[in-house]
Amino acid sequence: MFRFVLKRLLLSVPVLLGVSVVVFALVHLAPGGPVRVMLGPLSSEELVRQIRLEMGLNRPLYVQYGMWVFDAIQGDFGVSWTVKQGTPVTDIIVERIPLTVELSILSMITAVLIAIPAGIISAVRKDKPADHAARIAALSGISIPDFWLGIILIMIFAVQFSFPWATGGWTPPWVDPVANLQQLFLPVITLGTAYSALIARMMRSEMLDTLSQDYVKTARAMGIGARETVLKDASKNALIPVVTVIGVGLGQLMNGAILTETVFNLPGIGKLLILAIDRRDYRIIQALILFIASVFVFANLAVDVLYAYLDPRIRHDGN
Amino acid sequence: MSAEPDEQPVLEIRDLVTRFYTDEGTVKAVDGSSFDLYEGETLGIVGESGSGKSVTALSMLQLVDAPGRIEGGSVRYRGDDLLEKSEAEMRSIRGNDIAMMFQDPMTSLNPVFTVGDQISRVIKTHQDVSDAAARERTIELMADVGIPEPTSRVDNYPHQFSGGMRQRALLAMAISCEPDVLIADEPTTALDVTIETQIFNVLDKLQEKYGMSIILITHDLGVVAGTCDRVAVAYGGRVVERAGVDALFENPRHPYTRGLMRSIPRLTDDTDRLTPVKGDVPNLTDLPSGCSFHPRCPHATAECESYDPELREVEPGREAACLHARGYNLSKSALETEGVQADGGSPATPATDGGESQ
Amino acid sequence: MSDDNITEINMDRRQFIAAASAVGATAFAGCTGGDSGGSDGTETSGGSTDSGSSGNSGETVRVNVALAAEPWNFDPALWTDTATSTIGGLIYDEVIELTPDSELQPGLVTEVPDPVDGGTAFEYTLREGITFHNGDEVTVEDFKYSVDWILNPDNKSPVKSRLPFVEDTEIVGDRTLRLNLSQPFGTLNWWLTRGLEGIVPEGSRGDTADGKGPSGLATDLTKDPAGAGTGAFKFVEWKSGSHVLLEKNEDYWKEGAPAVDEFKFDFIGEDSTRLANLRSGQLDLTDKVPPKDFESLSGQPDITTESVPGNFTQVLYVNLMESEGNPMSNRHNRRAVLFGIDREEILDEIFYGQGAVQKGPWYPDSDWTSPKLKEMQMYDPEKAKKELELAGNPDGFEMDIIATKGSWFKDEAVVIQNQLSKIGIEASVTAVDKSTLLNQVYSTDTWHAAMEDWAQSIPVATSWLDAGYADNNHNHNNWHHPSDDLEDIYAPSGPAAPEDAEGDFSNGHEWYVSKLREAQASTDEQEQKEIVWELEEYLVEHGIQIDIAYVNKLEAWRNAVNDYDVGTFQDNYRFVSKGE
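Protein chains in written order, with the UniProt record's numbering: chain V, 1 to 319; chain W, 1 to 358; chain Z, 1 to 580.
All clues given are correct.
To give an idea of the chain V side of the interface with chain W (calculated C-beta under 10 Å), a few residues:
1. Y215
2. V216
3. T218
4. A221
5. M222
6. E228
7. I240
8. D311
9. R315
In silico DSSO-like pairs for lysine-lysine, Cα to Cα no more than 30 Å straight-line:
10. K232(V) with K124(W)
11. K217(V) with K124(W)
12. K126(V) with K217(V)
13. K288(Z) with K239(Z)
14. K209(W) with K217(V)
15. K124(W) with K236(V)
Under 8 Å between C-beta atoms, here's a sample of chain Z residues computed to sit facing chain V:
16. E70
17. N73
18. T80
19. K156
20. P158
21. A218
22. K223
23. S242
24. T273
25. S280
26. K434
27. Q440
28. N473
These aren't lab readings, by the way, just hints derived from the structure by calculation. For clarity, every value in this text was computed on a predicted model and none was experimentally measured. Idealized CB from N, CA, C, for every residue including glycine.
Could you put together the complete structure from these sequences and hints?
Next comes the structure, spelled out in structure tokens:
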């Protein structure tokens, strides 16, 4: 196991490197740049040129990239040009990570708490009304765009019912858990919905599969009750692939958070990414995408480890 | 072990009917099956796939799930009709008094729990013992079925066991609560011949040790010959012949049985070709009228098309379900009562024996 | 986040000051943890607060404002956008202020000076008794430092271009600073309202950020201006992506301000979210109300709305330079487009009628707009068709319009596309992001027309005619005349100078710039006006740029907010109070 993890960690380096190259190229080759956005369209060409010189934007791309990598390895991601100008990029990002992480985790937990039982019930009562209802709900959940849902929720709760949710901003849960929950209540519902639908569908299909397996028949034949076989025998097997989906999805959630954060005005990394792209803040974009890519890579790795932990067949194979 | 027909059977199955209601039609999986299991014997239920043998076994334990339903008949276990019992009552019988083992050892064990856990669990379901005691008993059982190094292998996962080992583990699970009856559904079909022998040896040993009556479901006549005391031949969802194993092999009365016997290649044979039973296994949603074997039967007559023969004694200790079986003795008048046209016995569809490949 | 801790209080100023001393401490306590609410009503210490104040004196009054965009920095030498200027205006004071009625008023100086020395210098005298937030007195050395820093080219301040022709400063009295100009420039004071938006303590900008960051774009004040302002409110915190929090400056030198304890600016980009928060009471005030929501907001009984003429226009830039497939280099084609656009329709369709159709670059009602243009019918399809004939393509032509994504530009471009197709001009519309569009327009010659808006913060006609037109290397319409510093990517473009032009001009642009400088140097208002009219007429006659309409500024606030002064160029938050 240890060797497996080590190997994967080593492999992640070229992956992340590759990602950073692609992002670097894309973002620098796109037309426009941070200076004009920063200074406003009518600043003198002279000024723009001087500043670009200082920023090193006139140097060949590979040189710029090389310098970036050199600094990045030492943990220096530079200073932001457009967001709270002059602030170190790492500070800006780190300030916003906790929100997105909390949002993602809460959405995930909510999604899972709804989806797993729903999937199980759906499978056990296949083709009965409960199943149909659950499947329709799941399909809707996946089809509804989250920003639309978010806006609708705002309109209903905040406007109609004056539900006391915040204007946005984020109070850490360790400072004021009540405020924190108020702020995240609607966003978690929004983000969690599509996610929960996905997991429920997956759980249902996995359960249908495992419930038809021979080992369930054997258990029944040995006198184990139907409920126990559903909850113990079938579920544990069905959960394995679902856990994979959940784990990988955690990485995806952080990205799905972009729309939700925008609609609910939450200062997370999703909103930061949009801002950085708009203002062409190369430094932030590079660092942020690298961060997100890393999250993905490690989420995948964690899931693989978890998978091995849950499924004894994989565990022994790996060795 | 010879059969004692005068004793009260451990299991009496009468006219068991199980149907599956699917979109493609109603599948008559078990269509009036009847047989008995006597104390201490090994009863073989033999037939091709599609003959309803497995469903019969499942029906006995009320393990038939939607879209299937047990529609009729009775399954008396020591006088008690199992089909009238509640699910809770059945739960305490399954694995405890009557145990069943399924065909494919590779898939019959749950891959994410240890073998020991799975066996112990059966014990703990039916007996009020501590975890430690259950574990001890598990190790004992594993030794009993011939799994080497049971103390260390008890914590292994199924994938760490070979096929033969897994089947032994399943056996251990099945006998863990010393059941009266063990139903083994094709226990060695998925295993190779050498392992097969070992398994049957173990079965034999266990039968003696625990005094079990065994129902052995198989399509392999060789296995039947080697292990069973009595045999029931299944076709088209019901039993069409019952006899002691020697009697059956020496002198099969039902044309289907005869066909089966003939299709077994013998070492002493000189032929190049096998002689299977002509035709196909009937579609259980659309059974032929009258005798369900008649389209494939070389001896079929006009009556066979319209009269559905029930299982009747043709000799003391044997039954067959064929109008033309020696000893069946159904008089013409009895036939007429049934409304069957009896015109003297010219074969309705003269068929050629052998030579026709499937 | 509830409003429970924030009370509507109705007190007069005297009572307020008495309560304030006790509340001040609790306001600090309320500031930690950001959103966790204002003070929790701690008891006032000592008995000095019991001066018959109505209501509960232990709670913080805070105004919550929503801005659509996040500010860039808080150094008056470095900010160029309105969001920052709004907040900055509370932290700092301008040297010369612009009132919401677009008049000049002295800020940190004693009076608005007239130019001296034939218009080549201005002298500004600081008021007495003004202190920075850090407690120090404001001196003329601080004044000089603040201006010199901007003028220093090494600092690359983007604000420098708002102090045109200012060469250097000198201290000529113990509180007087003189700004020397390289040429007469009568309207300098108007430019200063946006050029000197604050005086900071000497040395407070620190050394310009060395190494990694570009100098001039980050100083010590950029993210932490605490202590450096003189304004009605002090900087407390800035949470990127979330909000800026300010607290009142009790020693503020103006009467009547500050009237509340705290100001919080939330950055909420989503229109619907902003409005929802306003409706439900989470927010007190927001600008940039989308036109389509204005009606319904006005209808809500607890909300006040206001619509004033705005300082931004919808404009179609055109590429004057000759290039492959570019129909806009032909003057008649440009005029065809100019007369082919129904500006009323655009105003109605997209802005719900909130605005005024332009007749040339300046406000149609102002007397700085040429009378001739006032008479002109801007939408005239017949005239447009005639122009097409004159251009040599009577059946029309094809052109590309690029528009910035987001906002209403694409919609406007589509309406225009529709209108132009009626006279035979086939326009294709592409939406791109702002940075891309800016790049196209200012650094290439491969575009035809671009749909954008233009906001000007200096309410002087000449500044409008300057920005976007005059800079030879950098203007909205690729309009260039030959000169030594003309960059290689550009070539001279545009029509010839007018026949009656005095002097030898290589083309219209050269003439235009020269005339403009004349106007800016002049100190005679009538003279200035006449030149301005001439320039405006030239612009329209040759279709140098296609101006569409001024759009109104739409703002909305809850009834409890008082004394919020909205103006075309300037909003004043300083005197805002909150109470029923």
